[in-house]
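Whole structure, please, built from the sequences with the hints as guidance.
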Amino acid sequence: MQSDTLRAATWMVGSVLSFTSMAVAGRAVSTSLDTFEIMLYRSCVGILVVLTLAFSTGKWRQITTRNLPMQVLRNMTHFTGQNLWFLAITLAPLAQVFALEFTSPLWVLVLAPLILGETVRRVQLAVAAVGFAGVVLVAQPFSGTMSIGLLWAALAAVFFALTNLLTRRLTRNETVTGILFWLTSLQLLFGLITAGYDGDIALPTTTTAPWVILIGLAGLCAHWCLTNALRLAPASTVMPIDFVRLPLIAMIGAVFFAEALEPMVLLGGGIVFAAAWANLRLSRRA
1 MQSDTLRAAT
11 WMVGSVLSFT
21 SMAVAGRAVS
31 TSLDTFEIML
41 YRSCVGILVV
51 LTLAFSTGKW
61 RQITTRNLPM
71 QVLRNMTHFT
81 GQNLWFLAIT
91 LAPLAQVFAL
101 EFTSPLWVLV
111 LAPLILGETV
121 RRVQLAVAAV
131 GFAGVVLVAQ
141 PFSGTMSIGL
151 LWAALAAVFF
161 ALTNLLTRRL
171 TRNETVTGIL
181 FWLTSLQLLF
191 GLITAGYDGD
201 IALPTTTTAP
211 WVILIGLAGL
221 CAHWCLTNAL
231 RLAPASTVMP
241 IDFVRLPLIA
251 MIGAVFFAEA
261 LEPMVLLGGG
271 IVFAAAWANL
281 RLSRRA
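Residues in the sequence shown are numbered from 1 upward in steps of one, following UniProt numbering.
Don't take each hint at face value.
Here are the simulated distance ranges between beta carbons [to be verified]: (1) Gly117 <-> Ile213: 31 to 41 Å; (2) Thr31 <-> Ser3: 13 to 23 Å; (3) Met76 <-> Leu151: 12 to 22 Å; (4) Pro263 <-> Lys59: 19 to 29 Å; (5) Arg122 <-> Gly270: 37 to 47 Å; (6) Leu282 <-> Thr31: 11 to 21 Å; (7) Leu68 <-> Tyr197: 22 to 32 Å; (8) Arg66 <-> Phe256: 37 to 47 Å; (9) Ala260 <-> Thr64: 44 to 54 Å; (10) Leu53 <-> Ala202: 22 to 32 Å; (11) Ser56 <-> Leu267: 41 to 51 Å; (12) Thr64 <-> Asp198: 18 to 28 Å.
Honestly, the hints are just simulated from the structure, not real lab data.
Here a beta-carbon is modelled for each residue, glycine too, at the ideal position from N, C-alpha and C.
Encoded structure:
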């Protein structure tokens, strides 16, 4: 049990690094491509990688339609959340966007018993509440300077929580290869429809193409890591580790995008770190 929890934590670290890279790349192309176009090209890169790996390793047989309705529901949920997230990082400071996104583990803790039937102890809910308090300190919602981007980030967090819970259900009888195939193929379809609704789809340039490729690879890697983490441990255990992204993206925002590194970011990030660590410790003792 402890070994599985530690392995799940390791996979989540990979997910953290991948999602952070995707945020930086998304910010870099945000002035040239809209969110639907970003999702379209991200899925194009992803489906090529997934199919290459599936056929080169013989795992293409793991791609089935037995859970197709659940796959569609999961990917509609994720596609919505991801578009809101890309929109948020173009409108608000990265640290604040991530801070509000990090309410997702709290939603996971609340929704896991309803959707997955998982047992969540009161002490875990208390730890999550402490983490949420740290997030509020970072986001500073009552400062009078909130942008609409923070609202989109908050909504994205709810959709991400639902996505994580649906992923947990799928991992009961679906392989990682199957999940990632449907992730990339369905969202390629969704992206094509939404990006082309106005009859105008912007193409990547020599400047934006490397960033688009990074978005595709980082997004795929993030979901590979996340799916493996959720296979090894309950969603309510592994998702709080995602809080690690907060101080990391705060530093990146300050260094590369001249975003202010507020003392509240450091204080709130410390509280969030402590809450994530405490939840991991509690889960390993269970």
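Going down the list of hints, with the structure as the test:
| no. | hint | verdict |
| --- | --- | --- |
| 1 | Gly117 <-> Ile213: 31 to 41 Å | holds (40 Å) |
| 2 | Thr31 <-> Ser3: 13 to 23 Å | violated (46 Å) |
| 3 | Met76 <-> Leu151: 12 to 22 Å | holds (21 Å) |
| 4 | Pro263 <-> Lys59: 19 to 29 Å | violated (49 Å) |
| 5 | Arg122 <-> Gly270: 37 to 47 Å | violated (24 Å) |
| 6 | Leu282 <-> Thr31: 11 to 21 Å | violated (44 Å) |
| 7 | Leu68 <-> Tyr197: 22 to 32 Å | holds (24 Å) |
| 8 | Arg66 <-> Phe256: 37 to 47 Å | holds (44 Å) |
| 9 | Ala260 <-> Thr64: 44 to 54 Å | holds (49 Å) |
| 10 | Leu53 <-> Ala202: 22 to 32 Å | holds (29 Å) |
| 11 | Ser56 <-> Leu267: 41 to 51 Å | holds (48 Å) |
| 12 | Thr64 <-> Asp198: 18 to 28 Å | violated (35 Å) |
In summary, the numbered hints that this structure violates are 2, 4, 5, 6, 12.
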